[in-house]
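Peer 1: Residue strings, one per chain:
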Amino acid sequence: MKSLTDYIVMNVPKRMEFVNITPQVAETVRKSGVMEGICLVNSMHITASVFINDNERGLHHDFGKWLEELAPFNASPDHYHHNRTGEDNADAHLKRQIMGREVVVAITGGKLDFGPWEQIFYGEFDGKRNKRVLVKVIGE
Amino acid sequence: MKSLTDYIVMNVPKRMEFVNITPQVAETVRKSGVMEGICLVNSMHITASVFINDNERGLHHDFGKWLEELAPFNASPDHYHHNRTGEDNADAHLKRQIMGREVVVAITGGKLDFGPWEQIFYGEFDGKRNKRVLVKVIGE
Amino acid sequence: MKSLTDYIVMNVPKRMEFVNITPQVAETVRKSGVMEGICLVNSMHITASVFINDNERGLHHDFGKWLEELAPFNASPDHYHHNRTGEDNADAHLKRQIMGREVVVAITGGKLDFGPWEQIFYGEFDGKRNKRVLVKVIGE
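Note that the protein sequences, when read in sequence, are chains A, B and C. If you're matching positions, the first sequence starts at 1 in the numbering used here and goes up one per residue. If you're matching positions, the second sequence starts at 1 in the numbering used here and goes up one per residue. If you're matching positions, the third sequence starts at 1 in the numbering used here and goes up one per residue.
Not one of these hints is a red herring.
Calculated from the model, a selection of chain C residues having no Cβ within reach of chain A, i.e. all distances over 10 Å:
1) N20
2) P23
3) E27
Here chain B is said to cover these stretches of chain A; the calculated rule only asks that three of the stretch's residues, wherever they fall, bring their Cβ under 8 Å from a Cβ of chain B:
4) 25-39
5) 51-59
If you are wondering where the hints come from, they were derived from the structure by calculation, not from laboratory data. Keep in mind it's a predicted model, so treat the numbers as computed, not measured. Just so you know, even glycine gets a beta-carbon here, dropped at the ideal spot from N, CA and C.
Just need the whole structure built from these sequences, with the hints factored in.
Peer 2: Right under this line is the structure:
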């Protein structure tokens, strides 16, 4: 069994944003030499997500608005108890649960085995700082 | 390491519906000859989900009603910017994030290692067309 | 390829609660002897979740309140059709979809390859009974 581990450093200038990381993940798969296996991609931080959806600017706008409705930002420690720790990012922990922590993608014939529109995104919900994404490839 | 890849073609006549695909996945595991490993099952399309929950018709009704409340269908490009592309399926991209893209299931003793009620479902949110589900088995 | 399967029995005295199971999962990884690979951790029951987030009591309070808003408990079979089966736990099936069934964690150098705050939680939404969590390690 072969394996390869890579870490992608993210630094998103906005509080919330979606960044296409498919090229970096594809490059790790290529470097691994794995022809048949799987690729795990996960946020190593708990106020960010990795997910697969459409590379379409309008949809990313919709994601942001929708997540703000479902889990609104509110710095008050009366609204979110998590913010009693001195943080203001409780909403980011909730948004990340909706969008998910990780994706697992099949590798077939040496490539990410994707449908026609699948792209891997990093979802940042508490940005303006360095965070990491882990890419782990296993297979043969 | 052994591996096997299968693709299940889905064509759901309704816009939203939940289809039990456990028998097809179990058959791929059987064919693979893998005794210890994992099985990845994911939608290859970004307006559909693969998830594990209960095979109960009333619950599927509840899922549909609940998802419509959390991420309502609205064809208007004023409501969802994604629909400015000419699509009307922005809600389907949101519903899919709640229900998830994929499941990873353990294979133990040559079988899907399930709890008493676990069944694998395909969740369609923009049907009436051909879509594919990927099944990837790796192990020994 | 090495593999190891463990089952953790949970019995949560409250209906809804979040329990840190990281030590048990880390122990399974240690026992497996796997240095490079992955670890799947999933609830074997469909009214419970396994997820990764912050080990912070205030946040867990926020999760509980937020999930109750998004998918409120309601025993009435008029509100949730699932409860026409004689169950009262339809809300628990919905809450589990938001929080997720499983996590897949990279194993690097013989350890769970975690970011600074990542911890694995069991999320119970219909407690007061025995349930199981599956831990599957594969790798070399």
